[in-house]
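S.K.: Sequence:
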Amino acid sequence: PSEPGAAMRLAALLAALRPVLPLVLGLSLGCSLSLLRASWSQSGGEDQCLGAAGRPGPLAGGARLEAADGRLGPGHEDFRPRIVPYYRDPNKPYKKVLRTRYIQTELGFHERLFVAVLTSKSTLNTLAVAVNKTVAHHFPRLLYFTGLRSAKVPHGMVLVAHGDERPIWLMYETMHYIHQHFGSDYDWFYIMQDDTYAQAEQVKALVTHLSINQDVYLGRAEEFIGGDEQARYCHGGFGYLISRSLLLKLHPHLDSCRNEILSVRPDEWLGRCIIDFLGITCVSQLQGQHYHTYELAKNTEPEKEEEEEFQAAFAVHPVSDMTLMYRLHKHFSRIQLDRAYQEIQDLQMQIRNLTSLTPAGETGLTWPVGINAPFLPKSRFEVISWDYFTEQYLFSCPDGSPKCELSGASKADVSEIIESALEQLNSRYQPLLRFSKRQLLNGYRRFDPTRGMEYTLDLLLEAVTQKGHRHVLAKRVSLVRPLSKVEIIPMPYVTEATRVQLVLPLTVQDLDFVANFLDMFAMNTLDTHDNALLTLLFIYHPYDAQRVSQVDVFAGVKAMVGELEKRYAEVKIPWISVKTEVPSQVKLMDIVSKKHPVDTLFFLASVWTEINMEFLNRCRMNTISNWQVFFPVHFQEFNPALVYRGEQTASSSTDFLRDGHFDRHSFAEACFYNSDYMTARTKLAADILERDEVLESMEVFDVFLHYSGLHLFRAVEPGLVQKYALRSCNPRLSEELYHRCVLSNLEGLASRSHLAMALFEQEQANST
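Here the sequence shown stands for residues -22 to -1, 1 to 746, where the numbers follow mature numbering (1 follows the signal peptide of the UniProt record, and there is no 0).
Honestly, I wouldn't trust all of these hints.
Said to hold, decoys possible - In silico DSSO-like links for lysine-lysine, alpha-carbon gap of 27 Å or less:
no., residue 1, residue 2
1, K308, K276
2, K536, K130
3, K565, K550
4, K557, K536
5, K572, K536
6, K381, K111
These aren't lab readings, by the way, just hints derived from the structure by calculation.
Keep in mind that this is a model prediction, so the values were computed, not measured.
With the sequences and hints as input, model every part of the structure.
M.R.: Dropping the structure here:
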């Protein structure tokens, strides 16, 4: 009887240990293998793979060890990270190190492709323009090089003229210019002529498959006339690709090549220079990549060319005129478009086949196939509304009106989407049925940020059968214009080290708020040594200006400025006195602009603004000279008497969005460069002539909006918070400016719920 009991206990023990048995076995096996590996490492630690001379011996499979000192072999030093030790000379004063804004700049990354087009004075306005209109926008950077320039350079082209039409001199100067200005910024340099049609997307794809660590001279290889049979040069008519490493090695020998090598053709001269001094010959195939070219015959019809060599060509030469260039571009664009559509169909078929294997099954297949599913709102506040439209009117207008005429881009969008719907219907039902539009009954559209623009159309159609029978029917169709490839818009480089010049206009009504402004300025800029200066603009009424020798209304402000200058010995706060009845923002800015350099970055502030470093940095980053100006929308706090009604003020860090609003009626704050303002102001002066009264109805925002042509960046700024204050609206200003000031005061009182509660309490108090 004891044996069955012991067996039962053993079975129960095994049942309890069974879940952890794999874990125990895994740990035991892992410990055993680690001990074996450690013993192997110790026994083989006496450089048994090194020969007598200390060189690494061969490994199985033909691989070789690294060098004995652990470094990679020659040619691979760019891929080994290097740690540069920090050293500061104790004899030199400490200087703050300014880090680069982007890590790409600090790590020394290069842009991928630079394109140079060789042109001439006679073809600059013909073939060069055709190149610029067909492929220039596909390349990240493209420059045109010529010997002599014409009187007028075509719009949108960056031209470099060397002053000499000799072909060899043009090639020499072009290579020297590329090395000097772009040699350290790009990995690849593509050189072509203006009578060459290049498939930009194919060339860009080619450089992504080539190693940047080799000397590359790639193009259509041609033999030298009467030269070495093994040596080749790249034909300039078909374009050629040069790597950065090759350009750096070639540059010291360009002067010798110019003096020693005689040639008629510039491409042959360059090829001979590369071969003689670097020993590198032109190749048409490298690292498994082929550079396909095609030579056009006379009177060629691109639309009828069906050769596989022509269809796969990266470059086509010679192109005799602009019309042929455009026809080639149309033909190759159609080929690329057909390839893209075919790839889309293949991918959609693969998605359909794989969807059945997913956990969701075929129910998880979205429409259109391959496009993100529609956005699913989690609450009623996230619902994306539909905009209703017809062929003539839009019932969701930008200005808030209930109905407006369909025009411009919206009209073109609706017309295109209707044509696309008919095209899709006919392609699906032909030849059995052919549809034609009679009328758009209803149209709906909305923008879904996860997938693109969605459309729903109710179309009144006329269907015609093969026998000619006609029938009118209504059909609803849904379409999606998906978001295409996201592109990074190139923007000029800016830093946070730019000095900001604050300009503060002051009137008599602002005296109660100046002390707080100066305290915040001192605490957030002077104490932190931020690179910011302040200029005060005292606006005197004519009556106060006459009595300034007896009673100066701004004497208290000047005393506070004096105290700041005593506290901060290195700081000077200048002021400018102006006498006027109508303090026009443009007229005041004219005075300040003349007293500062053209490269000054202005921040036009108001007395209620609380300056902080966070906003000043955004002012620097969002304002770009000759490109963009910044008009922040400050956050205006509500009247605490209405919001809290005697209760304790809530914490601004958690409830400030509830206790205020972004004042979209105010344009008092602005960041812009003096040079941009002066340019726009000059255009304004030419437009209004001597009618200075027009300036009283304008703000600085209007000057940039109508006369600058720059980007106006208008965005909410949570770092720019203003306490509640009732602004004084000057009735002498224009009706629009006065009305905007009144609206700002009214909307800044409190939210609707706070106003409703205040009215409710007032009615209760009156009833009792």
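S.K.: Could you run down the list of hints and mark each one as holding or not?
M.R.: We went through each hint and held it up to the structure:
1. K308 <-> K276: 19 Å, holds
2. K536 <-> K130: 55 Å, violated
3. K565 <-> K550: 24 Å, holds
4. K557 <-> K536: Measuring from Cα to Cα gives roughly 17 Å; hence the hint holds.
5. K572 <-> K536: 23 Å, holds
6. K381 <-> K111: Given that 27 Å is the threshold and the Cα spacing comes to 39 Å, the pair is violated.
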